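Enquirer: The residues making up each chain are set out below.
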Amino acid sequence: MSSKNFKYLTGPFSANNPVIVQILGICSALAVTVQLKPAIVMALSVTVVTAFANLVMSLLRNGVPARIRIIVQLVVIAALVILVDQVLKAYVYEVSKQLSVYVGLIITNCIVMGRIEAFALANKPWPALLDGIGNGLGYGLILVVVAFFRELLGSGSLLGYRIVPESWYIAEGGYYANCGLMLFPPMALIIVGCIIWVHRSRNKDLQEK
Amino acid sequence: MEMLNIFIRSIFIDNMVFAFFFGMCSYIAVSKSVKTALGLGAAVTFVMVMTVPLNYLLYQFVLKPQALAWAGLPDVNLSFLSFIVFIATIAAFVQLVEMIVEKFSPTLYSQLGIFLPLIAVNCAIMGGSLFMQQKVDALQITSVWQSIVYGLGSGLGWWLAIVMMAAIREKTTYSHIPAALKGPGIAFIITGLMGIAFMIFSGIQF
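Residue numbers (this note's numbering), protein chains in the order written: chain A, 1 to 209; chain B, 1 to 206.
I should point out that these hints are in silico values taken from the structure, not numbers from a laboratory. Owing to the predicted nature of the structure, the values given are computational and were not obtained by experimental measurement. We treat Cβ as the ideally placed atom computed from N, Cα and C, and that holds for glycine. Fair warning: there could be bad hints in the mix.
Derived coverage of chain B by chain A (criterion: at least 3 residues anywhere in the stretch with Cβ under 8 Å from a Cβ of chain A; other residues may be distant) [claimed, not checked]:
(1) 22-30
(2) 48-59
(3) 173-183
(4) 195-201
Incomplete in silico selection of chain B near chain A, CB under 8 Å [unchecked claim]:
(5) F18
(6) A19
(7) L73
(8) F83
(9) I84
(10) I87
(11) A91
(12) F93
(13) T107
(14) F131
(15) Q134
(16) W145
(17) I189
(18) G192
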C-alpha cells in the first residue's frame with residue numbers, strides 16, 4: 001500500500017475525524033452509546049456501509065448523470081443498509097432490538113453521503129474503499145470512547161462485565177453511586193463537546209478564530 | 001385527548017433533537033443565525049407534515065405484514081422494503097417542493113440555497129417516518145390523523161430547538177470561550193445543557 005493510500009485510511013482517525021472535525025453523522029453517534037456493545041455493532045455496520053457505498057459509487061461515477069446522482073446514491077445506500085439490517089436481525093437479534101430505528105438511520109447518516117460526494121465521486125475505487133473504511137473506523141473510535149465513559153460511569157460496567165465492585169455501592173454499605181445522568185441523552189452531547197475540546201487543544205490548527 | 005397527547009409528547013418530551021439527536025448535522029451547521037434557522041425549520045416542518053402521513057399510508061396498505069390483504073395477497077410481507085420506500089418518498093417529495101419553490105418563489109429559493117435539497121438527507125425526517133413505523137407496530141398511532149399530528153409535532157419540536165440554539169449562539173459571539181471550544185465544541189455543550197433543561201417536561205400527560 002502506498003503512503004498516499006495509507007493516509008486515506010488513517011487520516012480520519014484523528015486529523016480528519018468525521019465526527020469531531022467534519023461534524024458528520026452525529027445523530028446516530030450519540031444515541032447508541034449508552035452501552036459499549038451496541039456502539040461497537042453500530043460502528044461496524046456503519047464501516048461496512050460506508051466502505052461499500054464508496055466503492056460502488058466510485059465504480060459508477062462516470063455513468064451517473066450529476067442531476068440524478070442523489071437518488072442513485074440513496075438507492076445504493078438503502079440497499080446496503082437493508083442487507084446490514086437483515087444480517088443483524090439474523091445473527092445478533094438482541095442488539096438489533098436495542099439499536100431499533102438507528103440502523104435504518106444509517107441511510108441518512110451524513111458520513112456515508114458526505115464521503116461519497118466529497119471523495120468517491122472524484123476518485124478511483126481502491127482509494128474510495130480505503131477512505132470509506134477509514135471514515136467508518138474514525139466514527140467508530142468516537143462511538144467507543146463515548147460509550148466507554150457512559151457505560152463505566154453510568155452503570156459501573158464495561159461490555160456487561162462489572163468493573164466497579166458490588167461492595168462499593170451504598171446499598172452494600174459502601175460510598176459509591178452510579179451517575180444516573182450519564183444514561184440520559186444530554187450527557188452524550190457534553191462528552192462529545194469535551195472530546196472536541198481535548199482534541200482541538202492538542203491540534204491547534206483546527207481551532208476556529 | 002389522544003391527539004393532544006401525541007402532539008405535546010412529540011414536541012417537548014420526545015423532542016427530535018434533545019431526546020434522539022435527529023438532524024444534528026444541519027442543526028449544528030445552520031444554527032449560526034436566527035433567520036436561516038427559522039427558514040430551515042419551517043421547511044423541515046412542512047416536509048415532515050407531508051411525508052409522515054404519506055409513509056403511514058404506504059406502510060399501512062402496502063408494506064406491513066398482511067397489508068396486501070385488500071389485493072388478495074394476505075401472505076405477502078414487504079416490511080423489509082420499508083427503508084428504501086420511505087427514503088424514496090422523502091427524496092421525491094423534497095424534489096417536488098424544490099421545483100415548486102423555484103417556480104413560484106425564486107427569492108425564497110435563493111435564500112434557502114443548498115439547504116433545501118439537503119432536507120432529503122436530514123435524519124429528523126427519516127427518523128420521523130421510522131418512529132411512526134415503530135409506533136404503528138406498538139398501536140400508538142392508529143389513524144392517518146394521528147400520523148399527521150405526530151409529523152407536525154416532531155417538526156415543530158425540531159424547529160423550536162434550532163431557533164433556540166441559533167438565538168443562544170448569536171449571543172455567545174460576544175463571550176470569551178476557550179479557543180479550543182469555539183464553534184462546534186461549545187455548540188455541543190450548550191445543546192447538552194438545553195437537553196437537561198428539556199428533561200423537566202418528561203412525565204407530562206393529558
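Enquirer: Take the hints in turn and mark each one as holding or not.
Expert: Here's how the hints hold up against the structure:
Remark: the region 22-30 of chain B is confirmed as covered by chain A, as 6 of its residues place a Cβ nearer than 8 Å to a Cβ of that chain, reaching the required three. Closer than 8 Å: that is the beta-carbon criterion, and the region 48-59 of chain B has 0 residues meeting it against chain A, so the requirement of 3 is violated. Only residues whose C-beta sits within less than 8 Å of a C-beta in chain A count toward coverage, and the region 173-183 of chain B has 6 of them, enough to reach three; the restraint holds. Remark: the region 195-201 of chain B is confirmed as covered by chain A, as 3 of its residues place a Cβ nearer than 8 Å to a Cβ of that chain, reaching the required three.
Interface restraint check: B:F18 against chain A, minimum CB-CB distance 7 Å, threshold 8 Å, status holds. Because the smallest distance between the Cβ of B:A19 and any Cβ of chain A comes to about 6 Å, under 8 Å, the interface hint for this residue holds. At a threshold of 8 Å, the smallest CB-CB gap from B:L73 to chain A is about 21 Å, leaving the interface hint violated. Annotation: interface hint on B:F83 holds; nearest CB of chain A at approximately 5 Å, less than 8 Å.
The interface hint given for B:I84 is met, as the beta carbon of that residue sits about 4 Å from the closest beta carbon of chain A, less than 8 Å. Given hint, B:I87 at the interface with chain A, holds; its Cβ is 5 Å from that chain's nearest Cβ, closer than 8 Å. For B:A91, the suggested interface contact is upheld, since its CB lies about 6 Å from the closest CB of chain A, less than 8 Å. For the restraint placing B:F93 at the interface with chain A, the shortest Cβ-Cβ distance is roughly 12 Å, beyond the 8 Å limit, so the hint is violated.
Proximity of B:T107 to chain A is violated relative to the hint, the smallest CB-CB distance being about 24 Å (cut-off 8 Å). Residue-level restraint check for B:F131 holds (minimum Cβ-Cβ distance to chain A is 6 Å; threshold 8 Å). At its closest, the beta carbon of B:Q134 sits 6 Å from a beta carbon of chain A; the interface hint therefore holds under the 8 Å criterion. Because the closest C-beta pair between B:W145 and chain A is about 23 Å apart, greater than 8 Å, the hint is violated.
Contact between B:I189 and chain A, as hinted, is supported at the beta carbon level, the nearest pair being about 4 Å apart and thus within 8 Å. With 8 Å as the threshold, the beta carbon of B:G192 comes within range of chain A, its nearest partner Cβ sitting at about 4 Å, so the hint holds.
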